[in-house]
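Listed below are the residues making up each chain.
Number of protein chains: 2
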Amino acid sequence: MVSNSQPVKGNRLDPWLDSYAARARGLRASETRSLFAVASRPEVVSLAGGMPNLKDLPLTEIAQATERMLRRNGASALQYGNGQGLPLLRDLIPHVMAMEGIHAHADDIVVTTGSQQAVDLLTEVFIDPGDVILAEAPTYVGSLGIFNAYEADVHHVPLDADGLIPQALEETIQRLKREGKRVKFLYTLPNFHNPAGVCMSEERRPQIVDICDRHRVLIVEDNPYGLLSFEGRTYTALKDLNPDGVVYLGSFSKIFAPGYRVGWAVAPPAVKEKIKLASEAAILCPSSMGQYSIAMYLNEFDWKAQIEAFRVMYKERRDAMIGALNEYLPYCSWNTPTGGFYTWVGLPEGLDAHEMLPRAITNLVAYVSGTAFYADDQGHDHMRLSFCYPEPAEIHEGIRRLAEVVDAERDLVRIFGPAHHPSPTGIQRPQPDQI
Amino acid sequence: MVSNSQPVKGNRLDPWLDSYAARARGLRASETRSLFAVASRPEVVSLAGGMPNLKDLPLTEIAQATERMLRRNGASALQYGNGQGLPLLRDLIPHVMAMEGIHAHADDIVVTTGSQQAVDLLTEVFIDPGDVILAEAPTYVGSLGIFNAYEADVHHVPLDADGLIPQALEETIQRLKREGKRVKFLYTLPNFHNPAGVCMSEERRPQIVDICDRHRVLIVEDNPYGLLSFEGRTYTALKDLNPDGVVYLGSFSKIFAPGYRVGWAVAPPAVKEKIKLASEAAILCPSSMGQYSIAMYLNEFDWKAQIEAFRVMYKERRDAMIGALNEYLPYCSWNTPTGGFYTWVGLPEGLDAHEMLPRAITNLVAYVSGTAFYADDQGHDHMRLSFCYPEPAEIHEGIRRLAEVVDAERDLVRIFGPAHHPSPTGIQRPQPDQI
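Going line by line, the protein sequences match chains A and B. The working numbering numbers the first residue of the first sequence as -8 and each following residue consecutively. The working numbering numbers the first residue of the second sequence as -8 and each following residue consecutively.
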């Protein structure tokens, strides 16, 4: 007999379960992250990760230059530094930005632990629980994780082959206003979008900036890939169109190396001050060693030629992927990115990228399901394929394996009907002339 | 004539002033931080900073070893890494902890961007606005900045020469319970406390752990200085007394170098998972370069002998400071720390450390006012003097200059009365036999 006088004491696997903050409920492994363990097995061709390919970096020379730097500046490189970032590095960053024709001053720059930390700090500074953030549909999974952790209310705005759609932005802001919701900021990746692979057209940029300015919506312009155009072209930064209305985020992760974790934000003075204080509270200061290493690289190496070499390498991989898609998955839709790391592939009617993923990994190929890039239930009919890390021959083999899985799924759908009725996605399929 | 029909449009220095999150109002420059600019001028003897002294590190050998490491592991050191931290480094950290007799396993460790980030992540994971954190009176200014940013309700618990007072802890928790407040965690620095310079006695440790366990209060044990005892002794970690009830924080900043920004947390499994996810959201992963560098140092250098050398050096500086205090400020009170970086000096009746600081800096000596180390208005009657960075002769000169300022203040107080009526502070003046 079980006595009712005393409550049953079950096992409590986490003794601190009722102590967590509300925001901690939003903390879950991202789809991308939880894949890394499986997808990193050598027999799997990973079209999932966003790791840059570093094999062409002059490692020996970097090692030697690092030794010289430590002999010369070791006492500073190993010490605490300035919370806003090493002045030496902040003086160099405007030269990197100038490569895209962007104007910036060392005083307006805050160096961060990758631009990921900059997104985190901005969200900390601007977002109370329930505040609205606008983001493209789809958008970068890593930023969604941050927005989620701060309990933001993320609303998606559709994009097409020319990037974020101005009219849709205007309508979304107005609709939210009618609902009594204040939009705190628009988070956008204008160049070589992750995951959609598209660029915001020059024509749309002033329109987007104007809409946000009229509605007093801050723009967070995340630009890790802007220098990685396969055609050698760059785009006008939203920041240059309205310096007081835009926080610009840059990163060394894709144009040099992510292992130092060095990115930066350029912000209007008062916002910069808040970001700096939030960063000092969070980490005291960014790594001096990382910053001295980046400054050394910018000072002593032909980093512009290296970026050019990266462009050639990534273009070759993009071509390998598009070629293989044409060969093996002609009934899928995709865009042909003109820069960056990603292709955004639409699946045939009735297929579900999220449900198909385990079968793909069983067939030794990995991708990221489109569902990872939305705050809502969109994206089941898309996959993000990244061509940045595997060799062209591996990309070809990966798409071949992927096609086996997609073919089998199509047969299943033909016989049994769709496993999942995907919601309509925000992104419009690219038109044939854009492929 | 001024028309009233239209509102006057004044200058708006910060166009985003009404967009910030509530927590951003708590972001202000810490007293320590805003001092750095002035105190770093070469003519000022700074007894303010907490920068470790790195001049005895074998920089040339570290530079050479870093070159070898980059030649060997550069492709990994420059790449993204594991969100929980490099397994190679996580395997080594338990050996560092074993130096203090602490037990830990690589699986339970999360590597962070300095232990500062660990405090930030824990606060993010546990604290909703208004939640209660208990902290010693006084406590580390950097953690107060974080607690403030997350809008925590910080309550201080007094300490004395034997550290946090168990009875006061019990009473504080019970009082808060009666007020309907749930205490989320106790933040404590048991060893060589910053700023108080005291150690929690062995006798009190199980008492503190027991009180927290009974009231289901998580303990956050911050231990950056535990290996820097001047007597070569170590203390039982609270973590070892109750592994499921304590999150332990360690750091390489004081036993090796802070420029890599590498610290770590050891946490119960479910809490560790939350910290890891929060860290991945915030920064994706800690710097691979920093982690490989620390692992290289632990593997190739006699880091235990280096810690011994640090101990000898810091002891010499402690002696210089205590000697100078005896010589120049005999009417002040202070404790003689047996490790770490700091002495906590009580001013004569009626003097205010906060108000005196500009005059001290004018006299070319800097310290941190005791007020920086409290969430409330305590601390006016104390200064934190750090002996970690300046040479013994500089320390002597700094205290001499400080005594000139204190003497002049005493004269003013004698003539005009106290400028400020300091609140009673939580820390009890050390008894004569403890000096």
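Calculated directly from the structure, the hints in this document are not laboratory data. Accuracy of the hints is not assured; some may be wrong.
Pairs involving identical chains hold if they fit within one copy or between any two copies, as the list cannot separate such chains.
Claimed, not checked - Straight-line Cα separation of at most 20 Å, EDC-like style, residue types lysine to aspartate or glutamate; simulated pairs:
#1 Lys263 / Glu170
#2 Lys306 / Glu388
#3 Lys263 / Asp9
#4 Lys46 / Asp402
#5 Lys168 / Asp231
#6 Lys263 / Glu161
#7 Lys172 / Asp9
#8 Lys306 / Glu395
#9 Lys306 / Glu162
#10 Lys263 / Asp5
#11 Lys306 / Asp98
#12 Lys172 / Glu346
#13 Lys263 / Glu58
Bear in mind that the values here come from a model prediction, so they are computed numbers and not experimental data.
Cross-check of the supplied hints:
1. Neither within a single protomer nor between protomers do Lys263 and Glu170 lie at most 20 Å apart by alpha-carbon distance, with minima of 31 Å and 39 Å respectively.
2. Proximity of Lys306 to Glu388 under the C-alpha cut-off of 20 Å is restricted to the intra-copy arrangement: shortest distance 18 Å within a copy versus 63 Å between copies.
3. In this assembly of identical chains, the alpha carbons of Lys263 and Asp9 lie at most 20 Å apart only when taken from different copies (15 Å versus 36 Å within one copy).
4. Proximity of Lys46 to Asp402 under the C-alpha cut-off of 20 Å is found in neither arrangement, the shortest distances being 40 Å within a copy and 69 Å between copies.
5. When the C-alpha separation of Lys168 and Asp231 is checked against a cutoff of 20 Å, the pair qualifies neither within a copy, at 27 Å, nor between copies, at 54 Å.
6. Within a single copy, Lys263 and Glu161 get their C-alpha atoms no closer than 27 Å, and across copies no closer than 43 Å, so neither meets the 20 Å cut-off.
7. When the C-alpha separation of Lys172 and Asp9 is checked against a cutoff of 20 Å, the pair qualifies only between copies, where the shortest distance is 14 Å, while the shortest distance within a copy is 31 Å.
8. In this homomeric assembly, Lys306 and Glu395 never come within 20 Å of each other (Cα to Cα): the closest approach is 25 Å inside a single copy and 69 Å across copies.
9. Taking identical chains as interchangeable, the C-alpha atoms of Lys306 and Glu162 are never at most 20 Å apart, the minima being 36 Å within one chain and 67 Å between chains.
10. Taking the closest pair of Cα atoms, Lys263 and Asp5 come within 20 Å of each other only across two copies (11 Å); inside a single copy the shortest separation is 39 Å, beyond that limit.
11. With identical chains, the CA atoms of Lys306 and Asp98 are never at most 20 Å apart, being 35 Å at best within one copy and 40 Å at best between copies.
12. With identical chains, the CA atoms of Lys172 and Glu346 are never at most 20 Å apart, being 34 Å at best within one copy and 45 Å at best between copies.
13. In this assembly of identical chains, the alpha carbons of Lys263 and Glu58 never lie at most 20 Å apart, being 33 Å within a copy and 36 Å across copies at closest.
Of the numbered hints stated above, those contradicted by the structure are hints 1, 4, 5, 6, 8, 9, 11, 12, 13, listed in ascending order.
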